[in-house]
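Enquirer: For reference, the chains in residue letters:
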Amino acid sequence: MFKFLGEMFGAFWVTLRHAFRPRATVLYPEQRTQRAKRFRGRIVLTRDPDGQERCVACYLCSSVCPVDCINIQGTEDQHERRYPEKFDIDFSRCIFCGLCEEACPTLAIQLTQDFELCQTDKNNMVWHKADLLIDKQGKDPDYNYYKHAGVAVKGKKIGANKDELSPVDIYSNLP
Amino acid sequence: MGTIYIDDKPVEFEAGQNVLQATLKAGIDITYFCYHEALGSAGSCRLCAMELEPTKKDDKSRVVMSCMQVAQDGQRYRLNKGSADKVRQHVVEYYMTRHPHDCPVCDEAGHCHLQDMTILSRQTYRRYDGKKQTFPDQEMGPLIWNTANRCITCYRCARFYQNYALGDDFGVYCSGQKTTFRRSEPGAFDSPFSGNMIDVCPTGTFTDKVFRRKYSRTWQLEKATSVCNHCSTGCNTEPGGREGTLRRIHPMTNPHINPHFICDRGRYGEHYSEASDRPLKCIIRKGAKNPYDNIYTHLTRCLKKASGRIGILSSEHEDLQTHYMLKQLAVHYKGIFSPFILPDTETRTRSAIQATQLPPSLPDIETADAAIILGSLTEAAPMMDLAVRQLIAKQKPIIMVHAVPSLLADLIQHRNAGEVISATPKNWHQVIDHLDTSRLSDEKVKKIVLLGVAGEMDVPAINAFSRLKEKLSQETVTVQSGFALEGANAMGAAVISNENSAHELLEAIQKLYVDTLIVCGADPFGEGAAEWEPLRNKIRQLIVLDNINTETVKQADIVLPLATWSERCGYSVNYEGRVQPFEQAYQRSSVISPTEFVAHLTPHSVEALYRQRDVWLTQLSAQLVISDQMGIQLNLQQLSGIKNTYSSHIETEGLQLVKLPWHGGGVRADFAKELASCNPWKDHYVYLHTDTAKQLNVTTGKQLHFKSGASLEVLCDNRITKDCLAVTPLTLGRIKCKANIVLPLHQIHTGETDQ
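Residue numbers (my numbering), protein chains in the order written: chain A, 560 to 734; chain B, 997 to 1751.
It is possible that part of the hints are untrue.
Stated by the list, open to error - DSS-like, lysine-lysine: derived pairs with alpha carbons at most 27 Å apart:
#1 B/K1174 / A/K715
#2 B/K1550 / B/K1323
#3 A/K645 / B/K1669
#4 B/K1219 / A/K715
#5 B/K1550 / A/K706
#6 B/K1127 / A/K716
#7 B/K1210 / A/K706
#8 B/K1205 / A/K645
#9 A/K645 / B/K1550
#10 A/K645 / B/K1323
#11 B/K1550 / A/K713
#12 A/K713 / B/K1127
#13 B/K1127 / A/K721
#14 B/K1128 / A/K721
#15 B/K1174 / A/K713
#16 B/K1219 / A/K716
#17 A/K713 / B/K1082
Source of the hints: derived by calculation from the structure; they are not laboratory data.
Given the structure is predicted, the values throughout are model-derived calculations rather than measurements.
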């Protein structure tokens, strides 16, 4: 009998004691916590330091994606610079694994801290290029793929990279 | 033949094979670049190194290039176990020192030989931190894109272009570290086989420029085995589509037709399916449709009303399954079916098939000892030309008769490889009968191939062709004869149709027995305007299924979008009588296949129609020879249906009107805009020899008036045979004349004589 009462009032006591303790949860969405640096959230497409799109539509992200949520169609501008004509990510399928970011050779696709992607309509979960493209460089502020690639684009001729010699003179007989 | 040992594993080899061939055939992975099955070994890439074990006790083992080493029984090689492994890795590392950081923007990535070989040799990091050598790119026309930096100097491109395709406008520049491969001047390639450089190149130095604008990685493409529909050779292709559009065509290996290559018409001509003016919607221009009906209910009602008065026209460019289905439609509605647009085409095709004996396959042509060619073969069937070029390379005797400029004739003359006779097609029968074949009567000549171009020959010429074959046939000499027919499935069309079907259909329309015409993949009012244009007002209802925007589509009352060969399945019969099925590569949502069309208009379902087709094909195969080669081949001698009894009146006095073909041109290929932009001939001009121009009293720039009322500007060109008026196929439709007709001089006049 005493044992039973002891257990019952003991429980009341524990509850009462916790009522005056500081809270472990935060009042989301009014209050927000800091997320880890490596947190993987909403995907963005970044730009070069000179403001051009970084994505060259190489299809590596859509190929590596384990849930097949990225759909790309590449094309190129009149200066033969490649860019995605269409870049769709279906966030209702995306599992935020970050493999696309790992695969991206131009550091264009990056995962951000943002995770709030709720929609009432599933069709709105497909984000198009205009929704994904941001104005800044994201995590890698200095990288510019075309400064390392061998192809010519607007503003960069063949052989103009730091690690390249100027093009050979094909009409010369000298060794 | 014998056995060699690669890392102690026994590998069988045939006589004359080198070690690399035997190793690859045994399925052992080994790195190589410059070796190619068709082009052989060059020994220049140093990547197939293997270590040859010594036979004597005191000898040392040595590293050899396996592609230059003829396999000998009992030899032992070390591939991965010896020091050659390190050699191969260092060679790849050396190649990669100057290779640009291009893979993400390179079209080759994903099916790149260099990527594969680099990974296979486990070369992952670049230790070299010096500066990379670079090369200027060259503009190479609308079909091929050049990125010179990516070259690894394996010489495959130059070996293909100069030694295999016998082109001379592309080659090697500079030497040593600076070696690069270019055309002598910027611009499109002269060769009809330039597209193969894309496949031959193991890196991304040459890539497909048409594919570049709508690029997808190879694993994203929906592919299937298909058959090229641009000439009667029937090369096997592999179309790749994505999201309902065609992206690119690759050759599909068929050792009996095209083991490695396809021509540019096959590769780029198929892009007609992406033409901006392609009909992709149902259009009803005449006749009110009940808004609750779908188009097929409307069509069924129309056809039921017109039952018994229906004509169905297909073309020699459509496949056998289409012909079969349309024939079923004709049976259901008691109509008349013809797979030929013009009676002349039908006559020529049937006569040519009758004259075909032991038709040579492309490998047969390549291994022949001599060839006689009648007509511009490059332009009619480019891949046959590529096979003949192998004979030129081996300096075998060749005789060629032609009327219009042909790349092959130029090549034979340029290489001094044989005799080229320029004659008007109406005189060909005399030329063939009096042909001097003494240069072929060598003891070494065991096999002669006779190749005709059916589109340029009349019936007397085809008969003379048969006589020539009899004359050449001896006990010791095999003569194989074949024709490049007018249309990919001209043979199939002749097999399935009754005699004189085109003539019968035209006559029925003329006599008003037929007033509703269903046209599938044919262009009677453009290509066949000479005979069909006068009948247009006798056709009350014109229903057209097509995948290009032809003159007939523009005039049609109802247009239905037809699927291309890449977008449906079917059967095609090539010039040898080889029946080849092709598969659907990708699904385009708005188009309809002929089988679905017939299923909508008859009580039969698609499945039932397929079952009937299978029964019919089995019945046909009672007449077929099941050959040991790929597919089934028709025995042409046993086919009773292919007889030619129709003959049209042939003028002999006057100038002959001939079609000006080019190697990338064709009824459909003309709608592929990138390829068509390379056409050397201009539409709306008439090309004449200077002497003919003198005879007509005209010069370049003057107008020439025809009986139909049309007039064309004259361009003098001495490559055209005398007594010929050469015009492009489109112009032929415009002046409403048939190809190969002889125009009496009074029907052609310069405007000045009238005044």
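Enquirer: For each hint, tell me whether it holds in the structure or not.
Expert: Here is how each hint holds up against the structure:
no.	hint	in the structure
1	B/K1174 / A/K715	22 Å, holds
2	B/K1550 / B/K1323	25 Å, holds
3	A/K645 / B/K1669	24 Å, holds
4	B/K1219 / A/K715	37 Å, violated
5	B/K1550 / A/K706	51 Å, violated
6	B/K1127 / A/K716	16 Å, holds
7	B/K1210 / A/K706	25 Å, holds
8	B/K1205 / A/K645	20 Å, holds
9	A/K645 / B/K1550	34 Å, violated
10	A/K645 / B/K1323	44 Å, violated
11	B/K1550 / A/K713	43 Å, violated
12	A/K713 / B/K1127	22 Å, holds
13	B/K1127 / A/K721	8 Å, holds
14	B/K1128 / A/K721	9 Å, holds
15	B/K1174 / A/K713	26 Å, holds
16	B/K1219 / A/K716	37 Å, violated
17	A/K713 / B/K1082	41 Å, violated
The structure is inconsistent with the numbered hints 4, 5, 9, 10, 11, 16, 17, although it conforms to all the rest.
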